[in-house]
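So the protein lines, in turn, are chains A and B. Be aware that the first sequence starts at 1, since it is given in my numbering, and climbs by one per residue. Be aware that the second sequence starts at 1001, since it is given in my numbering, and climbs by one per residue.
There could be a bad hint or two in this list.
[Stated by the list, open to error] Straight-line C-alpha distance at most 25 Å; calculated DSS-like pairs for lysine-lysine:
# : chain 1 : residue 1 : chain 2 : residue 2
1 : B       : 1251      : B       : 1229
2 : A       : 6         : B       : 1054
3 : B       : 1054      : B       : 1041
4 : B       : 1251      : B       : 1006
5 : A       : 253       : A       : 6
6 : A       : 54        : B       : 1006
7 : B       : 1006      : A       : 6
8 : A       : 306       : A       : 247
9 : A       : 281       : A       : 166
[As the list claims (entries may be wrong)] Simulated coverage check for chain A against chain B, where a stretch passes if three residues somewhere in it have a Cβ under 8 Å from a Cβ of chain B:
#  : region
10 : 7 to 20
11 : 103 to 113
12 : 199 to 209
13 : 369 to 376
Source of the hints: derived by calculation from the structure; they are not laboratory data. Note that the structure is a prediction, hence the values are computed from the model and not measured. Heads up, the beta-carbon is just placed ideally off N, CA and C, and yes, glycines get one too.
Protein chains: 2
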Amino acid sequence: MSEFVKGLEGIVAAQTEMSYIDGEKGVLEYVGIPIGELSAKSTFEETVFLLWNKRLPTRSELDEFTSELRQRYELPAGMEQRVTSLPTNAEPMHVLRTMVSALGMHDAQPNEIELDRARRKCLNVLGHAPTIVAYFDRYRRGLPLIHPDRSLSFAENFLYMLNGEKPTATMARAFDICMILHADHGLNNSTFAARVIISTLSDVYSALTGAVGSLRGPLHGGANEGVMKMLNEIPSVADVESHVMGKLERKDKIMGFGHRVYKAKDPRASDLQGLAEQLAKDTGNEDLYAKSHAIEQIMEREVAAKGIYPNVDFYSATTYHCIGLKLDLFTPMFALSRIGGWSGHIIEQLDGNRLFRPKAEYIGAHNAPYTPIDQR
Amino acid sequence: MSEFVKGLEGIVAAQTEMSYIDGEKGVLEYVGIPIGELSAKSTFEETVFLLWNKRLPTRSELDEFTSELRQRYELPAGMEQRVTSLPTNAEPMHVLRTMVSALGMHDAQPNEIELDRARRKCLNVLGHAPTIVAYFDRYRRGLPLIHPDRSLSFAENFLYMLNGEKPTATMARAFDICMILHADHGLNNSTFAARVIISTLSDVYSALTGAVGSLRGPLHGGANEGVMKMLNEIPSVADVESHVMGKLERKDKIMGFGHRVYKAKDPRASDLQGLAEQLAKDTGNEDLYAKSHAIEQIMEREVAAKGIYPNVDFYSATTYHCIGLKLDLFTPMFALSRIGGWSGHIIEQLDGNRLFRPKAEYIGAHNAPYTPIDQR
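The whole structure should be built from the sequences, with the hints applied where relevant.
Have a look at this one:
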């Protein structure tokens, strides 16, 4: 029996052909293609195809994949009513988790796990999830629902359903890039949770539901909300220095910095930074970007030597804010994208599955008697 | 970086003070007390207290714990309507997963994870889950719902809500023992999933929802349904020999035999065997028990030398059938009990948490170009 390794740090728990990460050098590749190439040239739909098929699609393959995805923008009969009967004060991540789970009850054969069937169920969730989030957000705001438009891309359609108007090209592209950047990242906690769950040969809905539940944690996807809250706490750029130094002195965590894997700047943060800067300018949020940038410069001066750099959450906060997303939709956005990665991992796990069943080390008492209750 | 270990077999991923398992000797203890002692003398309520507190309760502690649990038999306002608007053909495990998730939206502070708060949320789910299962079963059968009765124990109340009449003492005790036996079992897959999810500091509902999703897999909790299906396939005791030998020759899996952990008879199977025999006699199911017993004898003769023995699923199938449970409620019964164990592990994980974040070994291509689409 091995020694107990807290958090399984350093333990190899799966093989993958999807993401390659070199944390020392700050490299992230999907199927061997540098993330910067994909964020510059690809689309979210193409990136998901890449992750699921381990190669880029031909034009006809991409057309077919996109068409299948768009057919799933509309929810199954009965689901709209389910979304619009939820408590309006529910947190969107609790909603998404519950409704992804509910999709399993609206699939006549939810438990099919043959690879091609499982893949179609992944596509169901990928297609339906944005509609769930947008419907819930409009329902809670008391606005009429905007039904999906199959002529639009994944990114365009989501922003359209959310805001009731088609996004500008810059907005849609920025959102699309966020979706590309967040799609996969090795064996992060939610991806690992999805693989653990599917390894009982359960079903795609169970695995994706578990992954959504994991992602909402503040040590994982929930961190991007934390960044925005921190930015909101700082009145102006002039206050950044004292705010950050105060936190560092108190050894408070600076949200959006540091990552278990990266000891260099997260390559996704670099891509997002330019995007955040441009969007901030376009939407009159220059001050927000300036605060972010000032935080990064102070952190560079103070703690970069310790390998603490901005992570993907840091500039995604500014980006999402500029796109007009409310704070509690930040983590659901991460989820919409990561469904692509989770799904790829579910397929990889099913293809040559072995049940995850590690050991626990028992550290309690032995040979304890069952003492009758009146003698305790 | 360690070598890739498929399924994390042999890797110690957590420490626990709850179950001690010696797979070679066929020993299972909860907090040091042999499982046979607990199944003979304890109750499910007391066993859950034991698992959560690492000691047996005094009488007043047990009274208080029981009272708090009984206060939670009734669902939060709005949940009954949610359960009775589900598709009637949904599989109960999909229902339970979705409704445990939905409970998070009926809690004003679902994300509290301070230990005492987390524990109360565990108690919420433990109290509400039987009601969810019983309501759904009666709703799908077109029967009026039976509201819970706080004067009854966990086991009695569940069978009462399901069947509309109070169970016999033998029935209730048999069910209670099943609940005791299934409550915890080291780092099984669903328990591990719960710990992985809560380690992002997500929330109790997310972790328990993920665990339910894991348990429904046929390599885990779903196996007890498989045993019953196999028993149903065999017309009579006289057919057991040819049926089992045929399966062995074809190298088909015999459901309910073999366990990753035990290389001896699962001690829970021993406890259940006596129970199943008695219940079968009481309920006119002698033939079912006789078939089970004949299977065990053939397996003992043929494969015991390879360390393949009956596991907990084997005799729980007969037991649940004799109690009058429909096949697709077998795995939910496992879940009702295991919520006790999952919850204990969630508390243990939160107390000294470290994020689960293992590594994936990348085995794909490197330095791949982003080829423009018309050149693919």
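Structure-based check of all given hints:
1. B:1251 x B:1229: Given that 25 Å is the threshold and the Cα spacing comes to 18 Å, the pair holds.
2. A:6 x B:1054: Given that 25 Å is the threshold and the Cα spacing comes to 22 Å, the pair holds.
3. B:1054 x B:1041: It holds: about 17 Å lies between the C-alpha atoms, which stays within 25 Å.
4. B:1251 x B:1006: holds (23 Å)
5. A:253 x A:6: Holds. Residue 253 (chain A) to residue 6 (chain A) sits at ~21 Å (cutoff 25 Å).
6. A:54 x B:1006: Roughly 22 Å separates the two Cα atoms, so the pair holds.
7. B:1006 x A:6: At roughly 18 Å apart (the allowed maximum being 25 Å), residue 6 (chain A) and residue 1006 (chain B) satisfy the hint.
8. A:306 x A:247: holds (16 Å)
9. A:281 x A:166: Roughly 20 Å between the alpha carbons, so the hint for residue 281 (chain A) and residue 166 (chain A) holds.
10. 7 to 20: holds (count 14)
11. 103 to 113: It holds, with 5 qualifying residues against the three required.
12. 199 to 209: holds (count 9)
13. 369 to 376: Satisfied; 7 residues make the cut.
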